[in-house]
Amino acid sequence: MNAIVAVLKPADAVVSAPFFLRGELFEGQDAIHRSRDLGVAFATPRIALDRVVHPRTQVPPLLNVPLAEIIDFLVETGQRIRDPNNPFMRECVDRMTVTHVLPRAVLEWQTRSAAAYLDKRLLQTVVEQNFPDPKALDEWVPKQDFTGRKSFVRAFAPRLIHVLPGNSPGVAVKSIAQGALVKAINLFKMSSSDPFTTVAVLRIMADIDRDHPIVKSMSAVYWRGGDDALERVLYRPQYFDKIVAWGGGDAISNVIKYLGPGFQLVSFDPKTSISMVGREAVSCDEALDLTADLAAADVMVLNQEACVASRFIFVEANQGEADRFCERLHARIVEKAAASGDTRPLDMDLREQIDMLVMLDDEFRVWGKTDGKGLVIRSDEPVDFHPINKTANVVRVDSLADAVRYVNVATQTVGFYPFERMPDYRDRLASCGAQRIVRLGEAGPSTIGNPHDAMYPLHRFVHWMAHEDGVEPH
Amino acid sequence: MSSAIEKLMRLASAEDRFDYSAAELRETQVAALDERFQERKDRIKLLGHRAREAGTTEIRGREDMVPLLFPHTVYKSYPESFLIEERWDRLGKWLGTVSPYPISSIEISDITDIDDWVERLRAKGHYVSCSSGTTGKSAMLLASDRDMDWSRTDTVNVFSWGSGVQPTRDRRMMGLAPTAAVPKNLVIGEAQQAAFGDPAKERFRLPIPAITVGSLTKMIVLRKKIADGTARPEELAVFEQTAEARQEALDQAMIAGAEALIKYRDEKLYISGLWNALYQVAKIVRDMGYSAQDFHPDNCIYVGGGLKRAQLPPDYQEFVHQTFNIPANKDFQNYSMQELNSGMPKCQKGDRYHVPPWLVPFILDEEGLTLLPHETGEIEGRAAFYDLSIDGRWGGIITGDKISLNFSPCACGCEGASVRNNIVRYADLPGDDKIGCAGTVDAYVRGLS
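Chains as they are written, first to last, in this note's numbering: chain A, 1 to 474; chain B, 1001 to 1449.
Simulated from the structure, these hints should not be mistaken for laboratory data. Take these hints with a grain of salt, some might be off.
Said to hold, decoys possible - Dumping the calculated DSSO-like pairs for lysine-lysine here, alpha-carbon to alpha-carbon at most 30 Å: (1) B:1041 x A:369; (2) A:369 x B:1224; (3) B:1330 x B:1283; (4) A:373 x B:1076; (5) A:373 x B:1093; (6) B:1041 x B:1201; (7) A:369 x B:1045; (8) B:1201 x B:1124; (9) A:373 x B:1283; (10) B:1184 x B:1201; (11) B:1124 x B:1184; (12) B:1041 x A:373; (13) A:369 x B:1076; (14) B:1330 x B:1402; (15) B:1330 x A:257; (16) B:1225 x A:257; (17) B:1201 x A:369.
Small disclaimer: the values here were computed from a predicted structure and weren't measured.
Start from the sequences and build out the full structure, keeping to the hints where you can.
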């Protein structure tokens, strides 16, 4: 266990994680769960199942609330999240430090920056980018085709289950906002490493106006992912339209067996991000310093817990040049790791595999130790394991074209240098399955309203409903 | 070999080997661990690295050993590309980092496949066994001639102690396990045959082609190619057909096994297999109209391994025993694993697995980093062992198992350390629902299923 956490919270402390069901807070200690990462126990109430499902015979509460009002409400929520004295957020971070792998300062920074999503212009832009005509969210938009046939189309409020990831509180805030923007009835299934943030944000919303339809549209609960007793009950088209799931592996394979007509999956898949660094980077010391700095920034996004964080860095260079790049990259990663105060040691499995590469030193070279303070591995092919916890794998290639074959449908972001070569590569990268190409060092930020995981998510969330209205008389 | 190790190893065939309490063995075991450490620290490259990192120069107590125990995954730590691209020299170099003996140079220019490579190493006294993991990397375990000799003796001792069956060479051997033809399994099979089998009676084996290291790794290579996107559709289709044909052959072999059992039902049998295959064969035998009263009343059974995630009804053990008329006092179970040389047979009375003196058990925390304090009674945690009988690789291993180890005497009367019959793999425990947006293609691209 992380030494810092051990001092702050003894492992036997049971933190309580309340639920929020359509405006009401539920507290209780009916079930004890374990956070897998740190093995800490947390207690939750029983899920009042009838309260999480909104009968189909009643239209969604947000349906006729104007989008502008929803956005104002979200903006107000964001201001309160950012307020350092907000009691709900403070309590939330207190609890989260017990179950989460990231240190408190990083978690506080994350929650504050998550609120940045709740900005008026940003939310408006997201809607405008996702819908050719955002009016369809507020009203039945009249249409007429070239034959004279008329109709009305509505981006109708859906019923969504969001299976949230545990690696970033930002996703909780973003999911709440997106669910509100499409006026959905939302059930958030929280993760065991963060069963707190979503409820905290919903409590802030209830504190603004506990009777607002937005508050009445939101529920957040925890159950162990894959718990058939619950999932068999809830994962039904009679109750929900879509399941919006983050993550992969077991989390998704459990969901898949419930899919069918009327109950669809929108998946934000688990992703790996990489960097591609051209030979221009190793041409002189200045370029080496610059690119190592940019690459380190991409590796260290959320201390490499995020999907946009780079893990494999393909460098177009000979071995000596690659080694000079590695040395600098390692120094930058170590600096950032030290500044974050995050010193989790590497998992035993990962340590084992890296130690082995140290032994095979004629083909691999390793900078740093497996102590969680930052590590770089140079190889001629990507390593077998998933580099995580401040670990970067620099793969030496003769040409960046050789790196393209390692890109696949799980590749999300490709950080690229030099910038002027990006147009040469974007088609090939898309063809292999990648979803974003960005300037090296800018893996984190993205153009507001841009597609995510190769789709416009809000457009997929809604229930597109047509009202056919006959033919215009000639 | 030096004194403390010798003292413990001398108990190998002693009748009372499970009677030495943990407390009375403690001092000798620690001395033996130090002897082995001193002798190996400059010979096993990875061990030397570990010792330097931990600053260990001497083993003065069991806790000193913990940072030097290798996680079971260490034998999977070779870069997979070495295997896929058939880079035999690199694989050899990797073996060299975990081997106490220099890996002899072998001619590699004309090696046809991995089975050929394994065979050439065997000729030089390096025995490579592969685990049969079909979903992940396969573990490669190195052993020496001494290890093979040991396995030959230990397997007979373990079976004899656990089942009460004497090695009097009076049984027909019925092998019903589709097991991998790796050196350790082969040696064990031969030793059991020599000790318990009637030389006049031919040993029955399932009529299926041998499962070699090569056939095991083929699947692993394909899985990797699928994930990389380099597997062609035709290649996959061929694999599907092969898998189907293999299953069909296996189904046929099960019928042949049932028929052979029925044919030899009057003879005294020694039945061996894995639970899944034994259950299937038993079911066929029943369907053919035969059961306990048709079989010899003194049959015995050797079951290797656990359920391996097979889905069987809760009473599968009774069902198998009753079908073949296995007397209650001949129930045999053994706790061991590919990573260990020595077995821990289960006693009849106490329902516990007994740890021999040359196998030093450690109970660690779940992460496998810290030794849990344990002087008396029972504690639960991650199992680790130092197996002093291992020669061809480092004997210290951290397993993936959660076990309960007891230092108090067992109901069967044995005073030595014993393991409760409730072993589970950490990987099979529920509760792992951690999800994040950062993952690999393996996490969601459909593999071989």
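| request: Hints the structure violates: just list their numbers, smallest first. | output: 6, 8, 9, 15, 17
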